[in-house]
Amino acid sequence: MAPTGGDAAYVGKRTLRVEDPRLLTGTGTYVDDIVRPGMLHACFVRSPMARARVLGIDVSEALQLDGVHAVFVASDLNPGVHEQWYTLNGRDNPDTPRPPLAEDEVRFVGDPVAMVVATDRYIAEDAAELVVVDYEPLPPVVDYATALDSAESVHADRPDNLVGRLGGRPMADLDPVFERAPHVVSQTLYQQSHGPVPMETRGIVAEYAAAGGEMTIWAATQSPHEVRSFCARLLGIAEHRVRVVMRDTGGGFGQKVLPQREDMCVMLAAARLPAALKWIEDRQEHLLAAGQARHEHGEARMALDDDGGILAATLDHVQDAGAYPTPSPVQSGIAVGMLFPGPYRIPEGTFSSRFVFSNTSGRVAYRGPWQYESMARETLLDTAARQLGLDPVELRRRNMLSREELPTANFNGMPYDHISPRETFEQALTMLDYEAFRREQVRAREQGRYLGVGTCTYVEPTAGATPFHATEGATIRIEPSGKVNVYVAGGSCGNSLETTVVQLTADSLGVAIEDVSTVQGDTAVTPYGAGTGGSRSGPMTAGAIAGTAGELRERIRAIAAHRLEVPVEEVEFVRGRAWAKGRPGEAGLTLAEIADIAYYQVHALPPGVPAGLEASGRYHTPHLMIWANATHVCTCEVDVVTGEVKLLRYIVSEDCGPMINPSVVEGQIFGGTVQGIGGALYEHLAYDDDGNPISTTFMDYLLPTATEVPVIEVGHVETPSPGPGGYKGVGEGGAIGSAPAVVNAVADALAPLGVRISRLPLTPSSVVGFVEEARTRQAVTL
Amino acid sequence: MKPAPFTYHAPVDADEAVGLLAELGDEAKAIAGGQSLVPMLALRLASFGHLVDLRRLDELRGIERRGDDTVWIGAGTTQATVQRSDEARAAVPLLARATPFIGHFQIRSRGTVGGSLAHADSAAEYPAVALTLDAELEALSPRGRRTIPAARFLTGMWSTELADDELLTGVNFPVWKGRCGFAIEEFARRSGDFAIAGATVALRMDGDGHLDRCAIGLFGLGPTAVRARDTEAALLGSDPLEADAEEIGRSATEGLGSVPSDLHGSAPYRTRVGAAMVARAWRRAVQEALHG
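These protein sequences, in sequence, are chains A and Z. Taking the UniProt record's numbering, I'd label the letters of the first sequence as residues 1 to 782. Taking the UniProt record's numbering, I'd label the letters of the second sequence as residues 1 to 292.
Among the clues, some could well be false.
Quick partial rundown of chain Z residues pointing at chain A, CB under 7 Å, derived from the structure [stated by the list, open to error]:
#, residue
1, Met1
2, Lys2
3, Phe187
4, Arg189
5, Arg190
6, Ser191
7, Leu263
8, Pro268
9, Tyr269
10, Val273
11, Ala276
Simulated DEER-style distance windows between Cβ atoms [said to hold, decoys possible]:
#, chain 1, residue 1, chain 2, residue 2, range
12, A, Glu773, Z, Arg65, 52 to 62 Å
13, A, Leu65, Z, Asp13, 10 to 20 Å
14, A, Asp33, Z, Thr147, 47 to 57 Å
15, Z, Ala4, A, Met39, 48 to 58 Å
16, A, Leu65, Z, Ser258, 33 to 43 Å
17, A, Pro182, Z, Gln287, 24 to 34 Å
Since the hints were made in silico from the structure, they are not lab data. Values in this document were obtained by computation on a predicted structure and should not be read as measured data. Idealized CB from N, CA, C, for every residue including glycine.
If we strip away everything but chain A, and leave its shape as in the complex, we get (with noise of 0.2 Å):
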């Protein structure tokens, strides 16, 4: 499916974005900017305990307060639940209870128990502090890591605190290896609970009308469809009769993917009410309830051979569920054990995952969500390399899979192909010159600096095809005066989207891109589609506009052949202009001409062609995912006084195929990237022992910032994949390899000091803490 457009592709081209005009003008709608009419809003009464019996709710005084609507509580929404399952994970998953409101008991602090309805968000958060809640303290579970052996319960129907759990073959079949093994590695590794944190928090307005029984829904979302299907069988409303519109949303990250519980709240409030309801998340409430993720552990280890080679790998693996998680930690959680023995060779091994339940806010989806299994894997190596005394690059060079292996699996049996890893790790160490970094280092450390290197080499599915995910839709129309409209189910949440489609969609079609256009994000226009996540947007938006796209392509020629009189075979169709194979100078035909032709006179339109240039096609992925891989090389240097951890270089180098648009790929990748490095260094939804969150505003939330990031040098290495286009996904790569490079490379600048690195994230008062352990335990040694 290469483009068809002429000797000029716009794909692969750095072409400007289209969302930028209104963007960065100040003009892009997202959620917050829809007013409708008589409009109400909503504002959330949360729990302040992390575990505790609700004994009664008293609203009364907050509903005498002028401009108050309404305030409800379980009893009055709850009980409107019809169904309540996500398409993404399937009808029946039982391992996530999700009232709307809090029943009889809240689980974390943050927890909805009461929503206010006003005539404007000030007064709705004035009649909120009026609602008095008669709470009875519980003991509360908030250490996920003690929470299986905890003889309180977050559910009570699931005493054992426990989610779920998978794992491969047992640990025990293992032991003959590591027991024969020269050398065994282990470590346990702990990582800190992340938030996603987009720049736009979550947000929804929901309007319905009674007469019709329509229900209009405006969300920042990555899946349209995914919102629309999940209220009609919340509120038990035919499909058709729900709409989502979504334009711009300020970010995702993975934490969009799906409607939470005060969506449910809106949209069954809004189905009782008289005019739209709004519901802006603020930050507060964002860091308060939006979600975490990325809180875990696991004991890693490895088995090697005097040479370094790897024999043998497990993890054992732990992860936090908060107490409400979304999507089901179970079936997305997996990946970590899949993937985590990345692209090396070893020959066997094992995992086993645990997904606990805590009274914390909900585990989410977040970028890369598996990214644990690269963590606990790169460090392990590192580690392994300073006990065998290797370098490790060189332990890296002994155990990693080069083209030339391909196609193999892993021992979980993940079958990889079409990856480059030992090209990119060679490509980006050459970017640094490892070897004078080195040298440097050596030279540093005569002067008492303490500079390091860490690398990250990954594998990654992208564009799986779960039943939600394995199929797009697109619809292309050429209107009558030849411009060009490309529907597609969008999701974009800052992904370029609209900038990739468009430039697609010339391409396949052989039109001017100034003469495309995309709609996105109306379920009442767009085919049906899955929307962003699963780094899935280029692959599948490519094969549902080259299908399409490529029958459209067919009906153009054909018309121009009949109206030019040639056979169609010697039709050229190139920039939206047809003419005669070897006849370039003469008149030709316009796709504006041919269109007047397919609307306006039918009659002349050859026989078999239909009336119209639309077509509608949907894309079915053969591929159960396609693979895509890069390395992160990190350089940094520590200040042993402050624990101050200054990023040196950053360097990426990634294989995603041929690119649609190198600049959005690279914003992908840059946008990952320093959210790995804020998960390394600065980023913490950290909760006291008593489960009250201590990080509730961006004083104590750090997100990197300009400041804090250095330049980062991407290269690429261009293996196409077998799907359309050979194009892979790249959304979420970035955001998998950067955290644990930065882990290695702090690790490696304070390896002369005998340091050992055993809990994230790298605060500057955590590096401390690790340089004095190593220096009592080396006295105590010595």
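Fit chain Z to the supplied structure of chain A, relying on the hints for placement.
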């Protein structure tokens, strides 16, 4: 994150402002740049029935040399104005050098000198600078004007000597002359964050190269900025080149009570960082005194 209801007042001069503060009592709060107060109101961590906005009080703005020994800075002068001021840079170098550490430029464009001092955050830079330089603060109330030495101004976390009906109108910074050196060092998680710990050093050498004036300020290490007076006293009269900067850092941070402890660092960690900041600031101040 919407504030509770309040009544907004915009007096035209300082007398009207303090009249309003006196009339409305502790239900009222003066607001200048609002860079600390507005987030606290929005988070409903604080709530006032009345806000008295100082934005129309032109008399509170300006940077003036007053005589040979003093620079007056109006309380309503923005931090950005201080940062751009040649007068401030030349006559009160420590103040000028401290300014870029305050938040981000957007914050400094609205945040004021008086606001920072009156808010009295323990991790803020200006209170430490005022304390280090022995500045004097001017206050106005319906009872008249008075001057408060910086050493008496800070009374606790977010609390000052100012009465509810008293308004900070300006600060007199003494101009240190002779072979002086000034330095500020602070450590924060990210550029623009509140300091985990910070230190200010101001010193002056006599003709023989001995210290005849020496001030060490610490911030972020207790309920208020403090001076390390015992360490200063021990250093007076000594040759700064013979002093051990690390030892000065340790000594200056010894015996601090109630060092804060939070997500960003324990009390011992902050103390350690504070000592390092003192040592670094000391070295730079000495270098400046020696070499200009």
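Now the hints, each set against the structure:
| no. | hint | in the structure |
| --- | --- | --- |
| 1 | Met1 | 4 Å, holds |
| 2 | Lys2 | 5 Å, holds |
| 3 | Phe187 | 5 Å, holds |
| 4 | Arg189 | 6 Å, holds |
| 5 | Arg190 | 6 Å, holds |
| 6 | Ser191 | 4 Å, holds |
| 7 | Leu263 | 6 Å, holds |
| 8 | Pro268 | 9 Å, violated |
| 9 | Tyr269 | 4 Å, holds |
| 10 | Val273 | 5 Å, holds |
| 11 | Ala276 | 5 Å, holds |
| 12 | Glu773(A) / Arg65(Z): 52 to 62 Å | 54 Å, holds |
| 13 | Leu65(A) / Asp13(Z): 10 to 20 Å | 37 Å, violated |
| 14 | Asp33(A) / Thr147(Z): 47 to 57 Å | 52 Å, holds |
| 15 | Ala4(Z) / Met39(A): 48 to 58 Å | 23 Å, violated |
| 16 | Leu65(A) / Ser258(Z): 33 to 43 Å | 41 Å, holds |
| 17 | Pro182(A) / Gln287(Z): 24 to 34 Å | 55 Å, violated |
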